[in-house]
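Q: Residues per chain are reported as follows:
Number of protein chains: 2
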Amino acid sequence: MLYIIGLGLGDEKDITLRGLEAVKKSQKVYMEAYTSLLSFGLSADGLSNLEKFYGKPIILADREMVEEKAGAMIEEAIHNDVAFLVVGDPFGATTHSDLVVRAKTLGVKVEVVHNASVMNAVGICGLQLYHYGETVSIPFFTETWRPDSFYEKIKKNRSLGLHTLCLLDIRVKEPTFESLCRGGKKQYEPPRYMSVNTAIEQLLEVEQKHGDSVYGEDTQCVGFARLGSEDQKIVAGTMKQLERVDFGAPLHCLVIVGQTHPVEEEMLEFYKY
Amino acid sequence: MLYIIGLGLGDEKDITLRGLEAVKKSQKVYMEAYTSLLSFGLSADGLSNLEKFYGKPIILADREMVEEKAGAMIEEAIHNDVAFLVVGDPFGATTHSDLVVRAKTLGVKVEVVHNASVMNAVGICGLQLYHYGETVSIPFFTETWRPDSFYEKIKKNRSLGLHTLCLLDIRVKEPTFESLCRGGKKQYEPPRYMSVNTAIEQLLEVEQKHGDSVYGEDTQCVGFARLGSEDQKIVAGTMKQLERVDFGAPLHCLVIVGQTHPVEEEMLEFYKY
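Residue numbers (the numbering used here), protein chains in the order written: chain A, 1 to 273; chain B, 1 to 273.
Read the hints as simulated data drawn from the structure, not as lab findings. Just so you know, not all the hints are guaranteed correct.
Copies of the same chain look alike in the list, so a pair counts if it fits in one copy or across any two.
[Stated by the list, open to error] Each computed DSBU-like pair below joins lysine-lysine, with the alpha-carbon atoms no more than 30 Å apart:
1. Lys209 to Lys56
2. Lys25 to Lys56
3. Lys186 to Lys209
4. Lys156 to Lys185
5. Lys28 to Lys52
6. Lys240 to Lys69
7. Lys233 to Lys109
8. Lys104 to Lys209
9. Lys13 to Lys28
10. Lys272 to Lys24
11. Lys109 to Lys272
12. Lys156 to Lys25
13. Lys233 to Lys186
14. Lys186 to Lys69
15. Lys24 to Lys13
16. Lys186 to Lys153
17. Lys56 to Lys272
18. Lys109 to Lys28
19. Lys69 to Lys109
20. Lys272 to Lys185
21. Lys13 to Lys155
22. Lys52 to Lys69
23. Lys240 to Lys104
Only a predicted model underlies this, so the values are computations on that prediction, with no experimental measurement involved.
Could you put the whole structure together from the sequences, leaning on the hints where they help?
A: Here it is as structure tokens:
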């Protein structure tokens with residue numbers, strides 16, 4: 001059996017009892033390491049918090065490992081119980097459909113243990129999940145690569161009066177440009193997590209380029225940091241206001257507010273800039 | 001402190017450790033009873049499973065109680081720890097913003113414990129949560145009341161190639177028409193939960209009435225029953241096919257499939273009719 005287990009958004013206490021049971025009976029426990037490990041008290045040299053909590057070792061599976069060695073993990077799951085831990089929900093912002101398809105194709109039983117994901121936990125700000133349009137991703141701009149396909153999607157959402165959840169870029173274990181060119185042993189960039197501030201800066205740059213007045217400095221937004229953690233920070237304000245707020249440590253995400261109902265506005269008041 | 005705690009979608013084991021801790025330290029535990037109690041082993045005359053599990057009594061709070069007596073519950077939370085349990089996530093399909101606003105206005109601290117909700121757990125079928133448009137609700141039609149505002153929303157989603165999550169009507173503790181007219185002690189209709197079959201029947205009736213070819217008998221959909229439970233049932237097929245499927249006990253929901261990516265299609269294959 002391959003258990004794919006959502007850990008939720010906060011720390012080790014956000015696993016469900018069902019998830020914890022599955023971890024306890026698994027012979028091997030893997031954990032995907034490419035969304036965020038920060039909130040789980042993990043560091044590059046150890047998984048101490050979670051391992052102590054579960055009483056068993058965890059194999060950290062970064063993006064390369066999941067893509068390249070998933071086959072081995074799935075084979076283990078033919079005869080053993082194997083747990084694959086995922087921050088948030090297994091089918092939330094980062095989906096693990098590939099893994100499920102590969103496992104099921106090999107006849108391995110898969111059980112998914114759901115949990116909260118950024119996709120539903122943003123509901124806490126009071127904007128109803130019903131009234132969201134398509135979710136967009138904002139990638140880090142570079143000198144030469146400034147993709148802005150999110151602009152058209154935000155435009156459509158706003159024309160329908162819908163809110164837009166913006167997922168902000170995470171760069172973990174990206175090979176350096178030099179090591180890619182040179183070949184040989186890969187070297188990696190330090191991890192980078194996009195802040196609300198950078199996201200807004202990029203959004204405003206794209207608006208200026210296209211000029212369709214989809215949004216602007218005065219557009220109402222909600223910025224989130226460490227959503228679901230005990231020290232989460234949620235601030236509602238205009239783009240101009242939020243661009244100046246220090247949200248602190250990652251992960252961040254951003255909601256561009258569409259048309260609001262009175263009950264949504266009442267909730268937003270508690271988070272006002 | 002008022003804890004608003006999501007129970008997730010399955011049974012008593014789907015609460016998070018954080019949620020369970022909060023329940024254990026609360027002096028009073030309420031539970032909202034108007035979404036679904038079925039999966040939690042509750043019956044009209046007792047809350048046995050959950051109460052046994054928590055080792056303390058639970059006060060069942062139906063819609064009237066939450067609306068009328070929330071004030072008393074919030075006042076208790078000024079000096080005590082009070083837990084309010086919610087099926088799914090506190091800000092999922094049924095939102096509890098009202099309660100939060102009232103509590104915060106009275107200066108009561110509120111802590112939300114997130115969990116999986118139908119809004120993110122539908123991701124298990126392989127259709128990416130990114131590619132959903134606005135969520136719609138399908139109400140039970142009556143002889144004289146056949147509201148179809150969902151049709152325009154589905155139309156917009158489909159014109160953008162997006163998937164549509166349809167939440168299906170739940171009628172719990174609805175006063176009978178007679179008792180409303182007569183006044184005095186209220187009497188209630190037996191609970192009703194809309195099936196995938198009824199939803200499709202109503203959807204097709206509305207399409208026939210409007211005739212904009214937004215969808216039809218051959219439109220791909222995914223039907224879900226008891227999502228997140230051990231005996232969940234997920235079937236992908238055309239409206240015509242799913243109309244004939246027996247999904248069994250509630251709760252049901254339905255997704256109308258938009259444009260799909262290859263990896264989405266691979267996952268759907270596992271659920272094909």
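Q: Now, for every hint given, state plainly whether the structure supports it.
A: Do the hints match the structure? See the list:
1. Proximity of Lys209 to Lys56 under the C-alpha cut-off of 30 Å is found in neither arrangement, the shortest distances being 52 Å within a copy and 60 Å between copies.
2. Proximity of Lys25 and Lys56 under a CA criterion of 30 Å is satisfied in both settings, with 11 Å inside one chain copy and 28 Å between copies.
3. In this assembly of identical chains, Lys186 and Lys209 lie within 30 Å of each other by CA distance neither inside one copy nor across copies; the values are 36 Å within and 61 Å between.
4. In the homo-oligomer, the alpha carbons of Lys156 and Lys185 never lie at most 30 Å apart, since the shortest distance is 44 Å inside one protomer and 49 Å across protomers.
5. Taking the closest pair of Cα atoms, Lys28 and Lys52 come within 30 Å of each other only inside a single copy of the chain (15 Å); across copies the shortest separation is 32 Å, beyond that limit.
6. Taking the shortest alpha-carbon separations for Lys240 and Lys69, neither the intra-copy value of 45 Å nor the inter-copy value of 41 Å comes in at or below 30 Å.
7. Proximity of Lys233 to Lys109 under the C-alpha cut-off of 30 Å is restricted to the inter-copy arrangement: shortest distance 15 Å between copies versus 39 Å within a copy.
8. For a Cα distance limit of 30 Å, the shortest separation of Lys104 from Lys209 qualifies neither inside one copy, at 46 Å, nor across copies, at 42 Å.
9. Both within a single protomer and between protomers do Lys13 and Lys28 lie at most 30 Å apart by alpha-carbon distance, with minima of 20 Å and 22 Å respectively.
10. Taking CA atoms no more than 30 Å apart as the test, Lys272 paired with Lys24 passes in neither setting, with 43 Å inside one copy and 33 Å between copies.
11. In this assembly of identical chains, the alpha carbons of Lys109 and Lys272 lie at most 30 Å apart only when taken from different copies (17 Å versus 47 Å within one copy).
12. In this assembly of identical chains, Lys156 and Lys25 lie within 30 Å of each other by CA distance neither inside one copy nor across copies; the values are 47 Å within and 46 Å between.
13. Taking the closest pair of Cα atoms, Lys233 and Lys186 never come within 30 Å of each other, the shortest separation being 36 Å inside a single copy and 45 Å across copies.
14. Proximity of Lys186 to Lys69 under the C-alpha cut-off of 30 Å is restricted to the intra-copy arrangement: shortest distance 17 Å within a copy versus 62 Å between copies.
15. Proximity of Lys24 and Lys13 under a CA criterion of 30 Å is satisfied in both settings, with 15 Å inside one chain copy and 14 Å between copies.
16. Neither within a single protomer nor between protomers do Lys186 and Lys153 lie at most 30 Å apart by alpha-carbon distance, with minima of 36 Å and 48 Å respectively.
17. Proximity of Lys56 to Lys272 under the C-alpha cut-off of 30 Å is found in neither arrangement, the shortest distances being 43 Å within a copy and 38 Å between copies.
18. Taking the shortest Cα distances, Lys109 and Lys28 sit within 30 Å of each other inside one copy (16 Å), while across copies they are farther apart (41 Å).
19. For the homomeric pair Lys69 and Lys109, the shortest alpha-carbon distance inside one copy (18 Å) is at most 30 Å, but the shortest distance between copies (47 Å) is not.
20. Proximity of Lys272 to Lys185 under the C-alpha cut-off of 30 Å is found in neither arrangement, the shortest distances being 49 Å within a copy and 44 Å between copies.
21. For the identical chains of this complex, Lys13 and Lys155 are neighbours neither inside a copy (39 Å) nor across copies (42 Å), given an alpha-carbon limit of 30 Å.
22. Taking the closest pair of Cα atoms, Lys52 and Lys69 come within 30 Å of each other only inside a single copy of the chain (26 Å); across copies the shortest separation is 44 Å, beyond that limit.
23. Within a single copy, Lys240 and Lys104 get their C-alpha atoms only as close as 48 Å, which misses the 30 Å cut-off; across copies the closest is 27 Å, which meets it.
Checked against the numbered hints given earlier, the structure breaks hints 1, 3, 4, 6, 8, 10, 12, 13, 16, 17, 20 and 21 and satisfies all the rest.
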